[in-house]
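A.B. asks: One letter stands for each residue in the lines below.
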Amino acid sequence: MSKILPFVLALAAASAPAVSAWAGPDIAHFTLGNGLEVVVVPDHRAPVVTHMIWYKVGAADETPGKSGLAHFLEHLMFKGTAQNPGNGFSQQIAAIGGQENAFTASDYTGFFQRVPREHLKEMMAFEADRITGLVLTNEVVRPELNVVLEEQNMRVANNPSTRLSEQMDAALYLNHPYGRPTIGWRPEIESLDRDDALAFYRRFYTPNNAIVVIAGDVTPEEIRADAEETYGKIVPRAEISPRRRPQEPPQEAPRTVTLADSRVEQPSVNRYYLAPSRTTAKPGESEALEVLAHVLGTGANSRLYRALVVDQGMALNAGAFYSGTALDYGKLGVYGSPTPGKTLHDVEAAIDTVLADVSEHGITADELDLAKNRLIADTVYAQDNQATLARWYGAALATGETVDMVRDWPEAIRAVSADAVREAARTWFNRRASVTGYLVNSLKSEEKHS
Amino acid sequence: MNMMVPALSRCILRGVAVAIVALPLYAAPALATTIERVVSPGGIEAWLVREPAIPMIAVDFAFVGGAVQDPAGKAGTANLVASLLDEGAGDLDSKTFHARLERKAIELGFQAERDTLRGMLRTLTENRDEAFEDLRLAVTAPRFDQTDVEIIRAQILSTLRRAATSPADIANLRWWQTAFADHPYGRPVDGTLESVPAIGVDDLKDYTRRVLARANLKVAVVGDIDAEAVKSMLDRVFGALPAQPELKPVATVSPQGLGRRIVIKLDVPQAVMAFGGPGIARKDPDFMAAYIVNHILGGGTFSSRLFREVREKRGLAYSVSDSLVWLDHSALFLGGTATRADRAGETLELIDKEIRRLAENGPTADELAKAKAYLNGAFALNLDTSSKIAALLVQLQCDGLGIDYFARRPEMINTVTLDDARRVAKRLLDGGLLVTVVGRPEGLASTSAD
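As you go down the protein sequences, you meet chains G and L in turn.
Numbers given in the numbering used here equal positions in the first sequence, counted from 1, plus 4.
Numbers given in the numbering used here equal positions in the second sequence, counted from 1, plus 1.
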């Protein structure tokens with residue numbers, strides 16, 4: 005197998021990459037007659053398989069006033085069907101030494117099992133049955149609502165930085181439902197019931213709104229046959245309309261939010277900028293944002309860490325990120341925490357200086373090469389984990405990307421130019437489309453800082 | 002917006018997860034994985050699994066002698082060493098060293114645990130020579146430049162300040178302090194706000210000189226590399242280390258404070274608990290029976306007794322689980338949950354009742370059969386990535402279980418009888434619990450004046 009793709013060779017003439025891209029496995033992708041999509045990611049190193057189903061519905065598809073419903077239904081999907089009542093599915097997974105879990109995000113809801121290969125078809129049958137066969141009684145729904153409320157306590161209410169992040173999202177999106185927390189606003193979670201869950205389930209859980217991703221010791225041929233016999237039998241029960249959510253108007257005013265909690269021992273400043281996602285970006289743009297965020301804020305030699313932590317000694321930590329897997333908007337972020345004696349204002353000003361510099365002068369050729377090598381190497385490291393690959397493909401397809409976009413991502417990264425990175429910085433570090441969040445001990449102490 | 006909300010993940014309390022030095026990883030028969038014992042000309046041993054399917058190499062290793070070897074009054078020394086080993090070595094200062102790693106996308110990291118100092122290297126096959134050189138420098142010639150020491154020290158202190166108001170961290174810390182008062186296991190691996198400032202560069206150098214040696218080194222290599230190349234790597238990387246470490250003797254202990262309940266007030270919505278007692282040593286003939294009993298109580302799956310009673314039936318918590326923890330000088334079982342403040346007393350009573358019920362009556366024949374099936378089947382899932390295999394092989398060496406452990410394991414599971422399970426349930430669970438509770442639990446108070 006050639007370890008170097010032809011396009012890399014072509015570009016290598018200009019600057020030899022220190023890291024070769026690697027093709028990875030051959031991905032198969034097909035759609036059943038009922039509209040269910042299937043992706044197969046072969047990995048023959050161990051006799052195990054990761055089986056996932058992704059529904060193209062998430063928190064951003066909820067009706068206003070019902071926040072948390074997508075996530076609540078995800079929990080309730082473990083309550084059994086007419087054919088497999090109670091926790092029969094979970095019992096069977098446990099009996100074969102399998103693992104299972106589920107997750108909800110703004111754009112998708114997913115369920116997975118990791119099992120020895122020979123049990124895959126059985127898992128497919130269980131999961132197919134669960135697409136339309138869920139049975140809910142108040143007896144199981146009510147305790148589960150309490151579980152979700154405790155989850156909200158554990159993840160959010162106990163944790164000041166998560167609470168700040170929720171408030172920042174609510175401020176960043178003026179109109180789009182990404183402003184709502186995936187887990188929901190607590191008063192709205194409290195009011196969810198069985199009827200809400202079933203209505204949501206009937207509207208969105210149908211084979212024509214689902215993607216099955218299977219990674220592991222399998223071949224596309226056997227999967228196609230097994231999928232026809234299991235998933236293929238489920239009749240679509242709902243028309244799925246295009247996912248059009250309210251979009252953001254032109255954003256005109258920078259926002260700031262301050263979260264004060266007496267338990268905050270380490271203040272920090274965080275800023276989110278509205279950015280395009282991989283799905284909505286112009287060609288090359290989201291890849292330029294990946295490189296930008298990497299150069300600015302990943303690792304000990306990144307610009308922000310170098311300037312704030314090492315050279316100026318004013319911050320304990322500083323970094324940047326870009327999250328681009330989303331149907332409607334991506335997010336570009338920067339953050340820093342002051343050393344004792346320095347203020348949030350000092351740190352924010354230093355971050356702004358670094359951002360202004362990169363917007364004006366761009367990045368060096370060396371920084372560009374280093375970032376590309378690292379991002380491309382990450383895709384090789386990811387091949388070590390079939391579950392990681394399955395999540396990549398599932399999340400991408402559930403947010404409007406294609407299999408080709410995922411597979412060709414290393415090429416797109418290799419093609420990023422320094423000019424494109426500077427252009428991305430100039431365009432998307434736009435204060436008017438941003439929110440800055442301060443995590444502080446008390447509102448009084450923050451006044452002193454500003 | 003891609004905040005993932007796993008619905009059912011049994012999030013172990015962070016601190017508890019850190020405390021578990023050995024994950025429960027077991028072998029099933031007929032695995033594709035073949036382990037090769039490799040001994041270098043210089044006498045250094047490694048366990049190797051060749052896996053040419055992906056062009057990368059994973060090297061994991063451990064020096065026996067972790068945080069237990071911290072000098073008195075200087076808890077956190079091993080942790081500070083681990084955080085600094087990749088901050089410059091030989092003639093290369095921190096910036097230059099990081100740049101070398103980044104240029105070739107080499108991942109290098111170290112971590113202190115109670116009994117070991119662990120290291121991890123990931124490289125693409127094509128960059129392996131440079132990766133091995135970087136690793137050699139890091140373990141044989143770390144710099145500990147004062148500037149880097151102060152940056153990392155400030156970051157650790159910041160983490161400790163944050164942990165000081167995190168309910169899960171407090172519950173866990175207090176549990177270990179109480180169970181292992183006057184023993185190194187009672188000291189936090191990360192150190193304390195008092196001990197970390199007291200650690201000098203001399204302490205770091207002294208720790209490194211005493212602990213990083215060949216006789217207490219365990220190495221695993223997994224990936225695209227053959228035995229000859231591993232042999233030359235072993236001598237090149239580790240050959241210059243002293244033959245023998247200078248380890249202080251550590252007393253064997255049992256957890257203390259059984260029957261005690263300690264309530265620590267904190268203004269959070271939940272009551273976060275850690276509970277546990279004495280366990281069974283890794284090499285004890287009853288270990289496997291204990292592991293099965295623990296699995297039935299609160300390990301593994303969504304069908305454990307604690308999960309069913311606390312979460313599924315009553316919705317008292319999002320997560321509840323417990324694990325066996327085996328250390329070089331002690332053994333315990335330790336669990337955790339986070340529950341509604343107004344029902345904290347009820348939750349703890351329920352957990353206590355389930356533990357006593359299992360201690361008195363043992364598991365049912367059906368539970369035993371299911372637990373065995375689970376443990377036999379689950380093993381393959383621990384061997385599906387190079388990184389997981391490497392970590393497991395180091396753990397098996399640290400536990401002294403022998404290279405044939407995979408082959409012996411199924412029989413060790415299958416020969417556990419119902420009588421064994423009943424006897425060991427009593428032995429494991431009848432000793433009483435030490436419980437720490439953080440929050441504002443209603444109806445719960447400390448059992449002594451804490």
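Careful, some of the hints might be misleading.
What the hints assert, rightly or not - Computed list of lysine-lysine pairs in DSBU-like fashion (alpha-carbon distance at most 35 Å, straight line):
#1 346/G with 314/L
#2 346/G with 389/L
#3 125/G with 314/L
#4 237/G with 314/L
#5 389/L with 427/L
#6 373/L with 125/G
#7 237/G with 371/L
#8 70/G with 96/L
#9 346/G with 96/L
Honestly, the hints are just simulated from the structure, not real lab data.
A.B. asks: Hint by hint, say whether it matches the structure.
C.D. replies: Verification of the hints:
Annotation: proposed proximity of residue 346/G to residue 314/L is violated, straight-line Cα distance about 50 Å (limit 35 Å). Of the pairs offered as hints, the one joining residue 346/G and residue 389/L is violated, with about 42 Å between alpha carbons and a cut-off of 35 Å exceeded. About 30 Å separates the Cα atoms of residue 125/G and residue 314/L, which keeps this hinted pair within 35 Å; it holds. A distance of roughly 33 Å separates the Cα atoms of residue 237/G and residue 314/L; the hinted pair therefore holds under the 35 Å criterion.
Our distance criterion of 35 Å between C-alpha atoms is met by residue 389/L and residue 427/L, whose separation comes to about 33 Å. Of the supplied pair hints, the one linking residue 373/L and residue 125/G holds, its CA atoms being roughly 23 Å apart against a limit of 35 Å. For the suggested pair residue 237/G and residue 371/L, the alpha carbons sit about 31 Å apart, so the restraint of at most 35 Å is met. Distance restraint check for residue 70/G and residue 96/L: the Cα-Cα separation of roughly 50 Å exceeds the 35 Å cut-off, and the hinted pair is therefore not satisfied.
The hinted pair formed by residue 346/G and residue 96/L meets the criterion: a straight-line CA distance of about 24 Å does not exceed 35 Å.
Checked against the numbered hints listed earlier, the structure breaks hints 1, 2, 8; every other hint is satisfied.
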